[in-house]
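One-letter residues, chain by chain:
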Amino acid sequence: MEDVNKVLEETKKINDEYNYLNTIIEKPIQRKKEGKLSNYYITFKDAICVKGVHSRAGSSILEGYYPLFNATVVEKCLDEGAILLGKTTQDTFGFGSFNINTNLNIPKHPLDKSRVTGGSSGGSCGFTKKVKFKHISLGESTGGSMANPSSLCGVFSLTPTYGLVSRYGLMDYANSMDKIGPIANSMKEIAIMLEVISGNDEKDSTSLNSNKNNICRDYSKQIGVSLKGMRVGILKESFNDSIDEGIKNSMKKCIDILKSVDVECEEISLPFSLKYGIPTYYIIATSEASTNLARYCGIRYGAYLPLEGNFNEYFSKVRSTNFHPEAKRRIILGTFVRMATQRDAYYLKAAKIRTKIIEEYKEIFKKYDVILSPAMPIVAPKFDEVDKLTPLQSYMMDIFTVSPNLAGVPHLTVPFWESNNLPVGLMFIADHLKENNLIRIGSYLEGMDKN
Amino acid sequence: MKFDSDIVIGLEIHISLDTKTKLFCSCPNPKGEEEPNSVTCEVCLGHPGSKPIANKKAIEYITKLASSLKCEIADEVIFSRKTYFYPDLSKNYQITQYETPVGSRGKLILNSGKPIFITRVHLEEDPAALVHPKSISDSPFVLIDYNRSGVPLIEIVTEPVITSPDEARTFMKQLITLLGYLDIFDINTGVIKADANISIRKSGYVRSEIKNINGFKEIERALTYEIERQKNEIKEGRELTCDTRGWDANKGRTFLLRTKETEEDYGYIIDPDLVPISLSEFKKNIDTPELPYEKALRFIKEYSIKEEDAHILCAEKSLGEMYDKVAKKIHPLLAAKWMRRELVRVMNLSDKTFDDLKINENHIIELLKLVYERKITDATAQELLEKLMENPFSPKDYVSKYGLEAVSDLSELNVLCRESIDENPKAVEDYRFGEEKSFNYIVGQVMKKTNGKADPSVVTQILKEMLD
Amino acid sequence: MEVNEDFVKHIAKVARLELSEEEVKSFVPQLKEILEMFSVIDECDVENVQPSFQPISGEGKLREDIVGECLLQEDVLSLTPHKKDSYFKGPRII
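Residue numbers (the working numbering), protein chains in the order written: chain A, 1 to 451; chain B, 452 to 919; chain C, 920 to 1013.
Watch out, some of these pointers could steer you wrong.
Stated by the list, open to error - Computed beta-carbon distance windows for the label pairs:
1. G309/A x T695/B: 21 to 29 Å
2. D738/B x E63/A: 45 to 53 Å
3. T390/A x D716/B: 25 to 33 Å
Just so you know, the hints here were simulated from the structure itself, not pulled from any lab data. Just so you know, even glycine gets a beta-carbon here, dropped at the ideal spot from N, CA and C.
Please put together the full structure from these sequences, using the hints given.
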């Protein structure tokens, strides 16, 4: 068991250099010593509520918010012997692909400080990569916020089926797409954490009832299970011109390895999802987010100002002072697409397209167990490159991740090889509640890129 | 929409449900006496990360009501978010139902027989309570109590088919009766508020809305005032605008809140935190009692009582139920007369509700049997009824014990009447000259002789026979 | 509907955001670009398709009407200085 003072020392040293944490729990919290997470240090994305611990979802509008309750995933970790260490930095409320959209700490890439970690769970991924003590992080994904930074930083992340893990206590970005999942350096840790946090929660209406859905959650048992007979659909758009060369090479190497163990690999296509995924995602996500963020207005909790003016003036002042520009943009977009005159053309239409995207995935999964594609079209860019991007250009980076997130299907990022000495992450997608396939394939490929 | 009446009124009514807990969290449904902000949790306070879970009882209640209002009932309960900014909204959106109300296309039939069509019946959560330290316009800040935040409300919207303030009042009263029958609303601690839309023919039906009117008496007052105001505006040559107005009950007038141009766009979305709930089990298990209008019709048919009496007896569930039992043992017309008038009067006098009463139908049956058999006078019966408000006792035994039997022996009464006539020759003569008052005097004398225990109508009859 | 400064200001107002002149100016081209990207969905035919508001059908949950625990009044009020006599203080409504 590690000495807590040494852990804190290492944590602070890393944090001073890389800015991975918004809050360090000076007296790490442990409820009991035994359990699946016995003596593991856990960090949580800032949007996950930890009772009595400064939780701000990467935004200064929640300055001074110390939740009065634990998120369900936090309770589950505590019940399994975990030690709560801190809150990791993120894009404000999850709004971003590079973790630069925040007025709190902006994290730096674990291997090159001039580069971004990716986002929005950038702090979780960077910290996981850097620390030497026993540690797992819980991140969150709405449109790819775990797949993205874990591929840029070179760690494993598993975005579970929507509803498999309770969202109770997660500050909402888009309620119909948010998922909490594990970020770690090994598949074993991914599997254990998934066992701990998954399962029905009576406090979350969208949480899936294990009994009714026959969900078997013995994920650790899938480690090392043979891949024989597995069928993998290789997304043909993975090899488009715009995709980084190193990433394409990584894909090819992976496919070769899989074929060598009798895994069938065939090219597939998801034309509908790739064409309509991004606008559909952003319409739905911003419409939900703009309602979720309405509550932040300077009364009851969080940032505040002296009570002057009428409520419209006061609310506007507090919100405008504290919201990051990206939050403002998304609120404006989201408010627009659900306005009475626009809602049929945008909000309702996007919901219908979402049905067709889900259908497209379901069709593929009739024939294939998993889909393989890159998580990101690029490896970790530099800060000054990212600063030059327009918001739309940033949004387009989510090309591979938005559709599985819209469909609520689980996906795993496996660090596989490098490109120009920067990590590459490959993404495997499985059908609803088929995390077992992901664990098998991820555990097989773990370390294979080093051979 | 085409209108053809002078006055067109539509109502939007909010009723707080008598569940034990709030609509989306398990905080208790407050009664109103609690310390501010002591009946709250992260859900009803709108703390980030909290999530709503719907109250099963509230869904049972609305299904019951929608069914009683003869609505078409939806297949699922689907909630929407209505987003707007106000200090009493803990999330700056209200969870309500927009495209998908639980009930639609129903009706409530007034006692007059006219159906008031119901457009929709849906569930929503109550905002918090605002307290203004001074008056609304003077305070630099408001005080907010979130105890009420999240209380379950049902909203009922009528078609604009009500044609007078009196009819609006009647509708509200009958609605409240129905709620009592269904046992989903606590008349003591529950809140019932209405928004009213009203327009008149004279203006070409330009509609104004009056918000937040409390109770059926105020509805009539507010609408009456507003009709006059609108007529006045037209008379003075001004054009009406589509206003949103408030009702000041103290001053007895409506006042402008805002014009329709500044209406909010609520940007409705389906609430993604709340998975739709199937209503099929709820629809199968609807347990509605006999409804007020149905009960009244049955009373008229079964007991041959007057329509007006039937409606009064059915205006409160417990009264109707008691009458139903009493009328099976006592002549229904007598029972109706006594229960619709005397019983109600005596209960009001002693400030009692049916819940407070310690007596049951057997006490009433016993009492009315004595009346029917002329064993006691009406006056005695009234006294006994008043006493029964405080404590249960056997009227029969009481009458025996205290010798309250009416003097009904005709021969005895004849003697006493003859005596009174003989003792009061002047009064007799005055009566023969047309003084009715003198007759009453003689009746009074007979009553005195019997210590009030004679039946005055019998005495009158005997005296008339003797004197005419 | 044109994406210009008035458009941005109007929607910002609905959402209770007070944007500076620079913000408005910088948002116009950014939002214009994004909304043009959104309009790709105009090409999509979804005539008889049911909308999905959830990606996977759960059954939803109901709560029995049984009283649970409330938060303590002092904890609830501890999260802000804007309070008076156990009430929260908020901005005036007029």
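Hints the structure fails to honour: none
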